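Please take these sequences and the hints and turn them into a complete structure.
Taken in sequence, the protein lines are chains C and P. In this text, residue positions in the first sequence follow the working numbering: the first is -3, and each later residue adds one. In this text, residue positions in the second sequence follow the working numbering: the first is 2, and each later residue adds one.
Simulated from the structure, these hints should not be mistaken for laboratory data. Given the structure is predicted, the values throughout are model-derived calculations rather than measurements. Heads up, some of the hints might be wrong.
Stated by the list, open to error - A few chain C residues facing chain P, derived, Cβ under 8 Å:
{"#": "1", "residue": "E76"}
{"#": "2", "residue": "R116"}
{"#": "3", "residue": "N122"}
{"#": "4", "residue": "G168"}
{"#": "5", "residue": "E174"}
{"#": "6", "residue": "A180"}
{"#": "7", "residue": "R258"}
{"#": "8", "residue": "M342"}
{"#": "9", "residue": "F346"}
{"#": "10", "residue": "D347"}
{"#": "11", "residue": "W348"}
To be verified - Some chain C residues flagged as far from chain P (calculated, every beta-carbon gap over 12 Å):
{"#": "12", "residue": "L109"}
{"#": "13", "residue": "T290"}
{"#": "14", "residue": "Y354"}
A virtual CB, placed ideally from N, CA and C, is assigned to each residue, including glycine.
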Amino acid sequence: MRRVFLLILGLLLALSAGCMEGVPLDKYCYVLDLGIERGERMPYRFVFLLNRDVEGEPGQEGGGVSVVHVEERSLFDAIEALSGALSAQLSFERATLLAFSREIAESGEIPALTDGAWGRLKIRQNIRVIILEADLISAFQGFISPEDPTMSRLKANVKLYMDSFGYVEDWGMSRMREAFRHQAGDALLPYAALVGSAPRADMAGGLAYPYTGGQLLGEGQIKTSLAGSAVFSGGRMKGVLSGQHTMLVLMANGVFRAGHLRLPSSAGELNLALYRVGRPQRRLQDGVFTCRITLEADLERPERVDLEGAALSAEAEAYLSAELARVFSATAAAGADVFFVGAEAMGRFFDWESWESYDFAARLGKIVPDFQVRVKLSHSPRDPALE
Amino acid sequence: MNLRLGRFGLQEGTAAVAVAALISGVFSLDVSATYARGNLCYAATAAGALLSVLLLGLLPKAMGPEADLGESFRLALGPLLGPVVTLPLILGLLLAAVLPLFRFLLAMERYIFVDADYVPLALYLLPVLLLLVTRGMECVARMAKLLALPAAFALGALLLLAGPAFRLYHLYPLFSPGFGAFCRQTGEALFRFLPGGLALIAVGRGCQGKKFVASGVRRGLLLGGAGATMVQLGLGLTFFGPDMAPMSAPVYCMTMAARQDRLGLRLDVLVLFLWVMAGLAAAGFYLYAAALLLCRLTGGEDIRPVGALMGLLAVSLALLFNFDASVLQAVLRAVYARGSWLLLSPLLFLLLGRALTGRRP
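Set out below in structure tokens:
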């Protein structure tokens, strides 16, 4: 019996190898990142970051990786064109980043570009998606540094900026396509740009410091910076929200964990470190979207602030509530439901037919926001405590 | 006599039913019809599992001390009608094995071995299935017990991987597609849970004690049903129903719904193949039970040729259902929708026969 068990287990394990094609692993050319932008002679230019030396190919070399590009009508055509020019077989199994240029995003072509047939290429449904404000060849090269030729730092930064700063939200293709199809909420994709590129106005306005990709006042080895979000309505990009405003949206959506906020107060501009406390309470009733958010805050350099803790909390609460309402109105006016109010509305329906005939998108602009923010200061500015 | 029933205990019997119920509960459903207008499948799955426990709970107790399911039919319905009524049961068990195999082939061709054909993929599954069925029930039961842990790991890993993508609003609009659809889906869910219980009752002689059969059926269905309900609820929290309808294997897509880095990026294929392994054990269980019933029906004394035939038939049918022929697709839809009657009707006849003849089956 033991022999039979071993035989069966052996056969079962053979299944797990996942090998079917007669192509050795080192004969593959792995696409790590894929970018799509407007082409000059064809509708699209597809930019690939490949992790195999492709000497003599178009594009540039960077250690074991190369940026190559091809202009074509579709990704499948691009692969056909590129396959003949590469010495190895293209594989998308390790692709982890999908970037679209702002122009493509604003033209509303992303839904058609990311159709279901991509599954046949084994492009993972949870591949990370970002919007880039640059020509993608320069942007991809900007992301690459000698220490990090595979752009893994950018990918780590998306997670870092989401979890520690709240400047972006990490979106995968699966969720993005869902947001394009349904009216539960709209996509808020990470936004990046070449350092020093032309500034993009925050669609909600009102911030002095540009917490937006490409505008951050800092420069390092990576020449493409990431901050803020591209705001979508359905499958079309409508504008950009800065990192600070993205943070507010994440607070209302219950995604926010921690971040820093510049707070204009009666004592001057202050820096608040904010932390999530529980999940926001959200409700949509009679056309009013109520959202109660509780945050914990630390004040940076409290010894320089001449305010009582309660007064400072009240100022922070008033500022955050007003800013949230302003961001809500600005995005709703553009037809973008980044606060996922549609999901709240959807909960009031009991069948798909009624929900689909309701046409929530047409009603979004009439919804009145009511944000109620509670800020608990960890310690009073008058009584700073070392923890 | 070479029926290769062997001896197995409560744990092995429970594991066989639980793995079978979990695999069928997750993979043996008509994805496009079930989710097209909303998702109540998680509720229907739970209801179907509980209903199956109720329906099958009393059956082993009603059987005589020496009888198994095949003999119960003969005793209750006579030597002529009894075997005839057993045939739909055999067909039901065979189809219960085919449906997960069909789904696995579809998922492997669609997501893993994209350039491969169904036939070589099926040829990978066939030897394991044949070995399991021809080695007998003890081997099947012990293999199920061995694979119960990987199946539980696959379930846990699936929920962990998809966890970040869970959104309550994916279940909205609640109660869509309505009460009628819920009742229909509950009826269909019986075809996912009855076969496991019936298969254990059919091979009950190999179990060490009749009370262990009843207990194994109950425990196995509850465990497998709970696991399948968790997966269905996880699917409901991950995707909107209509988005799942066109998917070849929503369970595989579920592992890729949330953003993943590092380890999570590579677990999806591993999890799928854990499901495939557990699925082969489940299919082997169904097929052995079907082969045993056929042997009892025909007076066959060696289960190996019958088991091998069942295995070949199951893989062939799974291959056939992957062809895009309208007749085959219509048959497949009918199996999903009406398959439970293949199992319910013999049971009704059994109870009816017992009531009319007054004989204890």
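How the hints compare with the structure:
no. : hint : in the structure
1   : E76  : 15 Å, violated
2   : R116 : 6 Å, holds
3   : N122 : 5 Å, holds
4   : G168 : 4 Å, holds
5   : E174 : 6 Å, holds
6   : A180 : 5 Å, holds
7   : R258 : 28 Å, violated
8   : M342 : 4 Å, holds
9   : F346 : 5 Å, holds
10  : D347 : 4 Å, holds
11  : W348 : 5 Å, holds
12  : L109 : 18 Å, holds
13  : T290 : 20 Å, holds
14  : Y354 : 10 Å, violated
Of the numbered hints given earlier, the model fails hints 1, 7 and 14; all others are met.
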